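> Protein chains in written order, with our numbering: chain A, 192 to 352; chain B, -5 to 87; chain C, 326 to 445.
Source of the hints: derived by calculation from the structure; they are not laboratory data. Computed from a predicted model, the values in this text were never measured in an experiment. In this text, a Cβ means the ideal position worked out from N, Cα and C, and glycines have one as well. Don't take every hint at face value.
[Said to hold, decoys possible] Result set (EDC-like, lysine to aspartate or glutamate): computed pairs, CA atoms no more than 20 Å apart in a straight line:
no., chain 1, residue 1, chain 2, residue 2
1, B, Lys78, C, Asp427
2, B, Lys78, A, Glu314
3, B, Lys78, C, Glu430
4, A, Lys340, A, Asp328
5, B, Lys78, A, Glu316
6, A, Lys340, A, Glu316
7, A, Lys340, A, Glu314
8, A, Lys340, A, Asp290
9, A, Lys340, A, Asp259
[Stated by the list, open to error] Every beta carbon over 12 Å from chain A, so not counted as near; a handful from chain C, in silico:
no., residue
10, His328
11, Pro333
12, Leu338
[Said to hold, decoys possible] DEER-style ranges, computed between Cβ atoms:
no., chain 1, residue 1, chain 2, residue 2, range
13, A, Asp266, B, Met(-5), 41 to 47 Å
14, A, Leu228, B, Val71, 17 to 23 Å
15, B, His53, A, Leu221, 26 to 32 Å
16, B, Ala13, A, Arg269, 16 to 22 Å
17, C, Met409, A, Arg234, 43 to 49 Å
18, C, Gly342, B, Val16, 21 to 27 Å
19, A, Pro317, C, Leu410, 19 to 25 Å
20, C, Leu410, B, Arg24, 25 to 31 Å
21, B, Glu60, A, Leu216, 21 to 27 Å
22, B, Arg24, A, Glu316, 23 to 29 Å
23, C, Ala330, A, Leu211, 43 to 49 Å
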Amino acid sequence: MMLLPHPLVTVILTLLWMVLTGFTLGQLVLGVLAGILGGLAYRRITPQRIIVRRPGAIARLFGRVAGDIVRSNYDVARLILAGGRHRRRRAGFVRIPLDMTSPNGLAVLAVIITATPGTAWIEYEPRNGQLLLHVFDLIEGDDWVRTIKSRYESLLMEIFE
Amino acid sequence: MSATILSAVLTVSQICLVAALVLAVMRALRGPRAQDRVLGLDTMYVCAMLLLIVTGMQHGTVYQFEAALVMGVLGFVATTAMAKFLMRGEVIE
Amino acid sequence: MSHLAQIPPVIALLIAGFVALGTILTLLGAIGLVRLPSFYERLHAPTLGTSWGAAGILIGSMLMFSTLGSRLVIHEVFLGLLIMLTTPVTMMVLGRAALHRDRAEGHPPPGTEGPGQPLK
Chain A
192 MMLLPHPLVT VILTLLWMVL TGFTLGQLVL GVLAGILGGL AYRRITPQRI IVRRPGAIAR
252 LFGRVAGDIV RSNYDVARLI LAGGRHRRRR AGFVRIPLDM TSPNGLAVLA VIITATPGTA
312 WIEYEPRNGQ LLLHVFDLIE GDDWVRTIKS RYESLLMEIF E
Chain B
-5 MSATILSAVL TVSQICLVAA LVLAVMRALR GPRAQDRVLG LDTMYVCAML LLIVTGMQHG
55 TVYQFEAALV MGVLGFVATT AMAKFLMRGE VIE
Chain C
326 MSHLAQIPPV IALLIAGFVA LGTILTLLGA IGLVRLPSFY ERLHAPTLGT SWGAAGILIG
386 SMLMFSTLGS RLVIHEVFLG LLIMLTTPVT MMVLGRAALH RDRAEGHPPP GTEGPGQPLK
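With the rest of the complex left out, here is chain A (with noise of 0.2 Å):
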């Protein structure tokens, strides 16, 4: 076990390493080799296990991340060629309380709320669990914050703690 702290760190770089070379079998060792050393590398940046817990759970954030990302990127390109005709639009920033603490959770959830045309994770500041948003266009009104809350928050912290 101790040979093998982060184990997906080291199947993913295993696979990478065999993708990238071509499947022999001293390719495969040389791989092998590269996965364990880069997942005990990885235990000098980051002390936390990343444990995959609930496939279920998963599967559902992923698919709704997907149904959203393609959802925003419709809007923002129509705002984008709409943008010099009518300026209702209104950008602006917005203060999320987050009750999640787990640090892989909020990278995660950093990751689906950058990846998403329409919003930016600007801050967040870990003494009070307020996460600043920039919002592409606020004209929906005030539910952000439920929105992701409701749609991000609970699924991760379901995941991750």
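Using the hints provided, position chains B and C relative to the given structure of chain A.
Frame of chain A, contents of chains B and C only:
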């Protein structure tokens, strides 16, 4: 017939990606502030990477892929380092 | 031209559709980068190119090379993962840097004054 359409789409796609690259360079040159320039450079990296992939598709070779991978990693490291420099005035602390 | 002719017509049109979608989104992102008025709005534009812009082109490439059978499709998966995971980090660091600079100069954008204190 379909091969002609696909070939045409790939060519137009290359032209559009070059246009996107030029727009990103324009933003990087125009500024007005340092963070705008860094954002322009980052977009430029992504456009160049996609351009490599489309070129690889047109020529039917797979060797562009490793180049695209390297470009992605380099773009990430460069942009993050520049953003960190903007924030603290130094890269490694 | 020879390798393009080997692809079945339906799949060729599908590839063309995905590549066109990805290219249009990337171009729109770049147009937004030039046209939008403030930095924080411009921060949203490139994510168009890196989310579905890149995904469209990568799916097209995946379809093409797996039909031609020249290699496994897993290359594109790795490249997509790389883009998906690194772009948010870049944007986040850049957004924080911009906010930090605005605060250091004494005029933070409206809505950011509040309880959030300058970074340590």
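> Evaluate each hint against the coordinates.
We went through each hint and held it up to the structure:
no.	hint	verdict
1	Lys78(B) / Asp427(C)	holds, 15 Å
2	Lys78(B) / Glu314(A)	holds, 14 Å
3	Lys78(B) / Glu430(C)	holds, 17 Å
4	Lys340(A) / Asp328(A)	holds, 18 Å
5	Lys78(B) / Glu316(A)	holds, 18 Å
6	Lys340(A) / Glu316(A)	holds, 17 Å
7	Lys340(A) / Glu314(A)	holds, 17 Å
8	Lys340(A) / Asp290(A)	holds, 9 Å
9	Lys340(A) / Asp259(A)	holds, 15 Å
10	His328	holds, 21 Å
11	Pro333	holds, 26 Å
12	Leu338	holds, 21 Å
13	Asp266(A) / Met(-5)(B): 41 to 47 Å	violated, 35 Å
14	Leu228(A) / Val71(B): 17 to 23 Å	holds, 20 Å
15	His53(B) / Leu221(A): 26 to 32 Å	holds, 30 Å
16	Ala13(B) / Arg269(A): 16 to 22 Å	holds, 20 Å
17	Met409(C) / Arg234(A): 43 to 49 Å	violated, 24 Å
18	Gly342(C) / Val16(B): 21 to 27 Å	holds, 25 Å
19	Pro317(A) / Leu410(C): 19 to 25 Å	holds, 22 Å
20	Leu410(C) / Arg24(B): 25 to 31 Å	holds, 30 Å
21	Glu60(B) / Leu216(A): 21 to 27 Å	holds, 22 Å
22	Arg24(B) / Glu316(A): 23 to 29 Å	violated, 33 Å
23	Ala330(C) / Leu211(A): 43 to 49 Å	violated, 30 Å
Hints 13, 17, 22 and 23, counting from the list given before, are not met by this structure.
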